[in-house]
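Q: These are the residues of each chain, in order.
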Amino acid sequence: MKKFLKAEEMFFRVLMFLSTTLIGTVLFLIVFSVIKNGLPYLSWEMVSEVPSGGYYFGKEGGILNAIVGTVYLSLGSTLLAFFIGLPVALMMNVHLVRYQRFVNGIRLILDLLWGIPSIVYGAFGFTLMVYLGIRASLLAGIITVTIFIIPIMIRAMDEALKTAPRGLLEAALSLGSTRSEISYRVFFKQCIPGMVTAILLSFGRAAGDVASVLFTAGFTDAIPTSVNQPAATLPLAIFFQLSSPISEVRHRAYAAAVVLFGIILVISLLTRIISGKYKKNRINF
Amino acid sequence: MDHTKINISKLNLYYGRQQILKDINAGIPEKKITVILGPSGCGKTSLLRCMNRLTDLHPQARLTGNILINGKDILNTTDDITSIRKMMGLLAQRPYPLPMNIYNNIAYGLRISGRMNKRMLNKRVEHYLRQVSLWDEVKHRLRDPAVALSIGQQQRLCLARGLAVDPQIILADEPTSALDPLSSQAIEEKFNELKENYSIVIVTHILRQARRLADHVIFMYMGEVIEQGPADAFFENPQQEKTKLYLRGMFY
Amino acid sequence: MSSFRIKLSRSLRNKVHGSWMTVCLVFVISMPVIIAGGLYWKSSVLLHDHGVFSLIFSKEWKPLSGQFGFYPFIISSIWVTMTALILAAPICLLTAIHLTQYAKRWVLKIMHPVIDILAGIPSVIYGVWGILVVVPFIGNHLGTWLGKSVSGYSILAGGIVLAIMVIPFVLNILIDVFNNIPTELSEASLSLGATRWQTIKFVLVKKGLPGIVAAFGLGMSRAFGETIAVLMVVGNVSRIPSGLFQPGYPLPALIANNYGEMLSIPLYDSALMLSALILFVVVLGFNFVSRYIIAACDKRC
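Protein chains in written order, with the numbering used here: chain G, 321 to 605; chain D, 71 to 322; chain V, 39 to 339.
Next comes chain G alone, as it looks inside the complex (with noise of 0.2 Å):
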């Protein structure tokens, strides 16, 4: 009996070994394919150009529109969802710290939100749009893109803000602070680190989504020049090179794909260096 005892644990150590092992090797396999079959198509001019009236059909040009238009849109909808997610995470935290169990609720609602397929979302924005009367359009993607990431804005922030300790909000209260001002003075600058942790993972996630943009963006081979105009995004460029007969195209959006891996590579970086840093000059209660 003790003898089968140790086999089975051998066996599902042994098991446990390879799936931790397979994990890290499916990653590198990822990071590894995507540059191998990308870095070569990658030039200077793909980066710096806009696709002239071949480009999808193998002739010259770059994708200069959708980096823009990735920059833009992304920029635009991470602003707008911080200025409505601040204020409603601030308020979860100071305003209504005593309402614990409608605090919990908020969350709740906020997690479900952050559950739903982006092309729900996608598909809602539509109905926006058709409502509104607004065409396929910077505009659109940026008010779907804003609904999108909203939760995740919010969530992170509030994970931030429920690590401040309790004293703060009463040591604030005593010496004569308006909620308000305990919320942007006090908590906010507290929680710095992860504010901005927050805003670059929604800014990351805003940024690969292909779903949510499809129906709302549109898709251009300019750079918008007002918030009216459609906009290419780089997701939406790799998808759309993808799926065309000419190799040199598909060749392209591998290459593009290198670019978008490299953008959302440096923010998870910037996001690790960031927390760690300053989770080292702040004073721990």
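No wet-lab data here; the hints were simulated from the structure.
Worth double-checking, as some hints may not be accurate.
Below, in silico cross-link-like pairs of lysine to any residue (SDA-like), each with a Cα-Cα straight-line distance of 20 Å or less [to be verified]:
{"hint": "1", "chain 1": "G", "residue 1": "K326", "chain 2": "D", "residue 2": "T152"}
{"hint": "2", "chain 1": "V", "residue 1": "K142", "chain 2": "V", "residue 2": "D214"}
{"hint": "3", "chain 1": "V", "residue 1": "K147", "chain 2": "G", "residue 2": "R592"}
{"hint": "4", "chain 1": "V", "residue 1": "K239", "chain 2": "D", "residue 2": "I182"}
{"hint": "5", "chain 1": "G", "residue 1": "K323", "chain 2": "D", "residue 2": "R181"}
{"hint": "6", "chain 1": "V", "residue 1": "K100", "chain 2": "V", "residue 2": "P304"}
{"hint": "7", "chain 1": "V", "residue 1": "K239", "chain 2": "D", "residue 2": "I151"}
{"hint": "8", "chain 1": "V", "residue 1": "K100", "chain 2": "V", "residue 2": "V83"}
{"hint": "9", "chain 1": "V", "residue 1": "K244", "chain 2": "V", "residue 2": "I211"}
{"hint": "10", "chain 1": "V", "residue 1": "K142", "chain 2": "G", "residue 2": "T345"}
{"hint": "11", "chain 1": "V", "residue 1": "K100", "chain 2": "V", "residue 2": "G298"}
{"hint": "12", "chain 1": "V", "residue 1": "K147", "chain 2": "G", "residue 2": "I594"}
{"hint": "13", "chain 1": "V", "residue 1": "K239", "chain 2": "V", "residue 2": "L132"}
{"hint": "14", "chain 1": "V", "residue 1": "K142", "chain 2": "G", "residue 2": "L342"}
{"hint": "15", "chain 1": "G", "residue 1": "K322", "chain 2": "D", "residue 2": "T148"}
{"hint": "16", "chain 1": "G", "residue 1": "K322", "chain 2": "D", "residue 2": "M157"}
{"hint": "17", "chain 1": "D", "residue 1": "K312", "chain 2": "D", "residue 2": "R281"}
{"hint": "18", "chain 1": "V", "residue 1": "K147", "chain 2": "G", "residue 2": "L342"}
{"hint": "19", "chain 1": "V", "residue 1": "K142", "chain 2": "D", "residue 2": "L133"}
{"hint": "20", "chain 1": "V", "residue 1": "K244", "chain 2": "G", "residue 2": "F332"}
{"hint": "21", "chain 1": "G", "residue 1": "K326", "chain 2": "D", "residue 2": "R181"}
{"hint": "22", "chain 1": "V", "residue 1": "K244", "chain 2": "D", "residue 2": "P215"}
The structure presented is a predicted model; accordingly, all values stated were derived computationally and were not measured.
Assemble the complex: chain G is given as a structure, and chains D and V must be docked to it using the hints.
A: Same frame as chain G, now just chains D and V:
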């Protein structure tokens, strides 16, 4: 002359770079209640954990020295650790019932050690529940989840669970700290009954509890043993300065 | 006099901030209702002509002749999700147990960023990887081993890609679940003479079971709604799939692929909005039940 059940010599415990126990030399007498006494943070819980090698659970724990139980050094042995651990029952500060019903909590230890038919199992479960005076309270709801019991009942259940594997030693880490006075009293009375058959080691920082229960005392401070000996001698005639200060309530 | 002015502006700012906060809060809380309402409004046109159940269970998808049967797509979605779950679940569980019970510190230090990076990779890139690696693997290698000739664009490909996407998400939750079990429980089991493995089997997994189930529930809802990566590798053929190696057409892919023709064919947009609504309801349901289980377990434990 009483036998020494556990003989600890030159024991040092390190968690990473921190030294928790410094050169401990102590003896736990057989079939008596030994109380390990001392202020919070003095290392008494760590000492208890060394005795059944629960320190193995911490990746950074390092032990040097010897702990001899029945003459065998459990720190430097090739024997299977689970058989060593079965010699000792553990009672923690808060009751931690296993996520099963009352019956299975007791039966768990029995089932782990080997096959047993249903009738034997039933008998043993009843026996140990009677031993902690829990039988009459739970006999009609043995299949209820253990978490449904009150805290005092849960702690008695954990005691019965520990007894079910036939240990020779009972290790108790502040066993009444989460209990109300009535349940605490029940547990303390149990210990007094059990010491006829088991060697009991209790960690506590409650001086009065020590006075009530102890036959033998080990007093610790900052990771070292300051004084140890029979309870009467310890309480009536302490030798060390620190012991005197502690007994007078100068620090706790 | 000036101190009164300062007081006024501070109190005014407080009020303005407070009002804006309340407005935003109300907006955020009512979002689920607004979204559901918007989608329902758009799909109500179709729903008036046919009942919900007839739409879900009918098998013909011929938009040009006004036939909208969602059944093949729902079945595809279920197939892909279940495949992903069957592939991901053992890996997640084993890895979570390994990381929380057995692994040394340096392993955890490496695995944390690995999991975070995997979680952050956009779905398009998973799709690219799927096309580059998974599809050829199934088409050329796996298929020939088993004696089938398939293109590789299949439910299996979708399941594999989806599994990898879901793993970091579920793994993080499982790690939390196991870390939240008090160590004293393990200690109690060990001091009864159980081995590490017996403790894991009989005590830890049992104690963490609600959390484990909830984690998989959340993973499933994630998998059900994932659009782009699956779309790129699953084949997009609107028939009921007859096997793992056959192509499928999950519900999100349906919406994503046909948005272009939406407005040109009557009732098409309504149908696609109904698909979105179905997705919304299913995902919401799964999420709600899973989160409820987690919350209830937190209270009891």
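Q: Against each hint, give a clear statement of whether it holds in the structure.
A: Here's how the hints hold up against the structure:
Distance restraint check for G/K326 and D/T152: the Cα-Cα separation of roughly 12 Å lies within the 20 Å cut-off, and the hinted pair is therefore satisfied. Proposed proximity of V/K142 and V/D214 is supported: the alpha carbons are some 17 Å apart, at most 20 Å. Under the criterion of a C-alpha separation no larger than 20 Å, the hint pairing V/K147 with G/R592 is consistent with the structure, at around 13 Å. A C-alpha spacing of about 12 Å is found between V/K239 and D/I182, which places the hinted pair at or below 20 Å, so the restraint holds.
This hinted pair checks out: G/K323 and D/R181 have alpha carbons roughly 16 Å apart, not beyond 20 Å. Simply put, V/K100 and V/P304 have alpha-carbon atoms about 12 Å apart, close enough for the 20 Å limit, and the pair holds. Under the criterion of a C-alpha separation no larger than 20 Å, the hint pairing V/K239 with D/I151 is consistent with the structure, at around 18 Å. A hinted pair counts as satisfied when its Cα atoms are at most 20 Å apart, and V/K100 with V/V83 qualifies at roughly 17 Å.
Our distance criterion of 20 Å between C-alpha atoms is met by V/K244 and V/I211, whose separation comes to about 16 Å. Distance check on the hinted pair: V/K142 and G/T345 sit about 19 Å apart at the alpha-carbon level, within 20 Å; holds. Taking the CA atoms of V/K100 and V/G298, the gap is about 16 Å. The hint holds against a cut of 20 Å. With a C-alpha separation of about 17 Å, the suggested pairing of V/K147 with G/I594 holds against the 20 Å cut-off.
About 12 Å separates the Cα atoms of V/K239 and V/L132, which keeps this hinted pair within 20 Å; it holds. Our distance criterion of 20 Å between C-alpha atoms is met by V/K142 and G/L342, whose separation comes to about 17 Å. Between G/K322 and D/T148, the direct Cα distance comes to roughly 16 Å. Compliance with the 20 Å bound is thereby established for this hinted pair. The suggested pairing of G/K322 with D/M157 holds, with an alpha-carbon distance near 18 Å, which does not exceed 20 Å.
A C-alpha spacing of about 17 Å is found between D/K312 and D/R281, which places the hinted pair at or below 20 Å, so the restraint holds. Pair hint V/K147 plus G/L342 holds up; C-alpha atoms about 16 Å apart against a cutoff of 20 Å. For the suggested pair V/K142 and D/L133, the alpha carbons sit about 18 Å apart, so the restraint of at most 20 Å is met. Our distance criterion of 20 Å between C-alpha atoms is met by V/K244 and G/F332, whose separation comes to about 17 Å.
Between G/K326 and D/R181 the CA atoms are separated by roughly 16 Å; this keeps the pair inside 20 Å, and the hint holds. Of the supplied pair hints, the one linking V/K244 and D/P215 holds, its CA atoms being roughly 13 Å apart against a limit of 20 Å.
Of the numbered hints stated above, none is contradicted by the structure.
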